[in-house]
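Undergrad: Letter by letter, the chains look like this.
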Amino acid sequence: MNKVLADLTAFAKQYMRSGFGAFFTFIFPILLILLFGAIFTNTGSSTMDLPTQNLDTGPMGAEFLKALNETKVVRVTMIPATVDLQRYIQDNSLSVALYIPANWTRDVFVSNASTHAWVNVTVYGDPSKSTYGMAIGVVQAVAQQANFFIAGARPIVGVDPASIASPQYQYIDYFLPGIIGMTVMTTAMFSMTSVCGEYRTRKYFKLLATTTLSKAQWLASKMLWYAIALIASLIVTTAVGVMVFGMHVTINAMALVFIVVGAILFTSLGMLLGIVVKDPESGAAVANAIGFPMMFLSGSFWPLESMPGYLQTVAKALPLTYLNSGLRDAMVYQNMGSALVNLGVLAALAAVLFTLAAKLVSWKER
Amino acid sequence: MSETVIEVHGLTKHYPGAKAVDGIDFDVHAGEVFSLLGPNGAGKTTTVEILEGLRSPTGGTARVFGVDVSKDYGKIRRRVGVLPQEFEPFDRLTPTEAVTYWANLFDRRISKADAKKLLGQVSLSERADVQGLKLSGGEKRKLGIAMALVGEPELLFLDEPTTGLDPKARRDVWGLIRRIEGEGRTVILTTHYLEEAEVLADNVAIMHKGKIVAEGPPAELVARSGARTTIVLGGAGKEGLEEVTRRGIPAVLDHDDVLVRVSDPREMKTILAKLSALEAPLKDMYTRRATLEDVFLRLVGAKMDEGVLQA
Chain A
1 MNKVLADLTA FAKQYMRSGF GAFFTFIFPI LLILLFGAIF TNTGSSTMDL PTQNLDTGPM
61 GAEFLKALNE TKVVRVTMIP ATVDLQRYIQ DNSLSVALYI PANWTRDVFV SNASTHAWVN
121 VTVYGDPSKS TYGMAIGVVQ AVAQQANFFI AGARPIVGVD PASIASPQYQ YIDYFLPGII
181 GMTVMTTAMF SMTSVCGEYR TRKYFKLLAT TTLSKAQWLA SKMLWYAIAL IASLIVTTAV
241 GVMVFGMHVT INAMALVFIV VGAILFTSLG MLLGIVVKDP ESGAAVANAI GFPMMFLSGS
301 FWPLESMPGY LQTVAKALPL TYLNSGLRDA MVYQNMGSAL VNLGVLAALA AVLFTLAAKL
361 VSWKER
Chain B
1 MSETVIEVHG LTKHYPGAKA VDGIDFDVHA GEVFSLLGPN GAGKTTTVEI LEGLRSPTGG
61 TARVFGVDVS KDYGKIRRRV GVLPQEFEPF DRLTPTEAVT YWANLFDRRI SKADAKKLLG
121 QVSLSERADV QGLKLSGGEK RKLGIAMALV GEPELLFLDE PTTGLDPKAR RDVWGLIRRI
181 EGEGRTVILT THYLEEAEVL ADNVAIMHKG KIVAEGPPAE LVARSGARTT IVLGGAGKEG
241 LEEVTRRGIP AVLDHDDVLV RVSDPREMKT ILAKLSALEA PLKDMYTRRA TLEDVFLRLV
301 GAKMDEGVLQ A
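Sequence lines, in order, name chains A and B. Letter 58 of the first sequence, counting from 1, is numbered 58 in this note's numbering, and no numbers are missing. Letter 214 of the second sequence, counting from 1, is numbered 214 in this note's numbering, and no numbers are missing.
Hint data in this document are derived by calculation from the structure and do not stem from the laboratory. Please note: incorrect hints may appear among the correct ones.
[As the list claims (entries may be wrong)] Simulated restraints on C-beta separations: (1) B:His29 to A:Ser18: 43 to 49 Å; (2) A:Ala284 to B:Asp114: 36 to 42 Å; (3) A:Ser214 to B:Thr229: 54 to 60 Å; (4) A:Lys278 to B:Asp284: 52 to 58 Å; (5) B:Val130 to A:Leu304: 39 to 45 Å; (6) B:Arg79 to A:Val236: 57 to 63 Å; (7) B:Thr287 to A:Ser214: 55 to 61 Å.
All C-beta atoms in this analysis are idealised placements derived from N, C-alpha and C, irrespective of residue type, glycine included.
Extracted from the complex, chain A is given alone in its bound form:
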């Protein structure tokens, strides 16, 4: 145990003094939380501009735009009636624009009284942009209300939104465990792969092989260090989230267990990847090749359910999926049963990878 602690102390000093590791363990997750927190919480303006060309001189056009503004989702900005709209959209790189045709008020009343034909407004836009979808949704909702008003009807069926967790949770609360899971992976696996490259290039492995320190002890000290650093990172990141964005997440014993098991798993995986790594540069390349797809496919940034079925199947084979899900179970949903299932999968994988890493990695020359 003394040797593990001695190796841990020496490694921790080097890690913290290099600055690089400390940045990715402590500073980077805080930057991500600040960035995504600003995007996903309501601290800033969430209203999007809706450039509109209104050629209607009657009251319906003006009332329609007033109703749109009252939704607070869009803010109508006016495009001059004299310009060619499609050219204006192109020249100003607009992703969305609303068009109300001339004589729209008259046509609405004529249609209501006799022809019953559609009298449309037009939403121009780029379907690949999320703002287009939002604009379509808002304009359709206001048009629906206008139809009820003109027909003298009122809606019967409605939707009552309710959060499946505690009602005070925001999207960023669900997002935080994903950031923490990603930090566990990047800190332990990316760093460990580079460390293996450096230790091989600079012959530290050969030097260590002349001592009484075993590979398993060396690996254990790295796991211990990453677990300590990542728990500190979890606390700091969560504290920033709570203080800056008023997040409502829980750090409990189960969350800490997930961090420890995650550190063991990804440290072992990093050491295994280190087998094929000849230097720190190739270490970074290998870690990126494995880590980045895993980061995006494992639900760190968005729900797995939003991905195509075949990608969801791939996600089930990735260890980070179980870490992210488990952290959400523990920190957000408080579903300890589901957390234990995820923990079981992670622990089994961690045991297999640790054993493989300690056996397969060689410090000696051929």
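Chain A is already provided as a structure; the job is to place chain B on it using the hints.
TA: Same frame as chain A, but now just chain B:
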């Protein structure tokens, strides 16, 4: 005869298309400095890495403290200290921290004061608290030796301990090795510096292309090889050579110098008397004793460049 620390018999290490070590035999006894001498690629480092348990031999046996190193190196690890050829210190640890850390890896706990005392022994006290990346080449080597010594080993492997060092740093390391020998430890020194082996080693094994071509104490190797003392007539030129040979003394021209090899020391006086009567202009006249370089030249035809053996 003191205890045999290392026994090597028929040791081979083959790679596809290359025989790095090709059936070598040698013994090393307790308390001696044994040098494996040879140019780069001679097989020195491969040999010591087999003895350090870092490589597996293809054939033969290598025993250290009676233990077969290819099977049970773990049993003797605590008794051995190693300075590898390509030693680099940990960039972000100070020498004090590195030595303390390394002691733990040999199941020893040493205080900061003990670490500094050890660093003092390798003349690194003033740099004890500077991070490794700021050390000079010589200071790094000294730290490597301190780390190799921290487990208080009975046997020390020093692989090319002075390669790349300036003359002063090299002499510092030599002093250190002499002190280590004085403490009764056994030292295996690999080097491609002839002078280093000559000055430090009790016994030398000259390696060439994976084989040991000569072995013994440096002076004995020189004597055994038949290499002779040489009288150098500096700047005598062709004119001097003709005059010397006219007097019945065999000589050769080396650049502008005339070299007269004296095969029997008893003839020295007579030859010197004949040469003193030379009329050819001389810049200098001196005698040069045969060295390991002469041995090496005779055995393998290798040359030397600035004191380093060339393959």
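Undergrad: All hints are to be evaluated individually against the structure, with a verdict given for each.
TA: Each hint, compared with the structure:
{"no.": "1", "hint": "B:His29 to A:Ser18: 43 to 49 Å", "result": "45 Å, holds"}
{"no.": "2", "hint": "A:Ala284 to B:Asp114: 36 to 42 Å", "result": "39 Å, holds"}
{"no.": "3", "hint": "A:Ser214 to B:Thr229: 54 to 60 Å", "result": "56 Å, holds"}
{"no.": "4", "hint": "A:Lys278 to B:Asp284: 52 to 58 Å", "result": "54 Å, holds"}
{"no.": "5", "hint": "B:Val130 to A:Leu304: 39 to 45 Å", "result": "51 Å, violated"}
{"no.": "6", "hint": "B:Arg79 to A:Val236: 57 to 63 Å", "result": "46 Å, violated"}
{"no.": "7", "hint": "B:Thr287 to A:Ser214: 55 to 61 Å", "result": "58 Å, holds"}
Of the numbered hints given earlier, the model fails hints 5, 6; all others are met.
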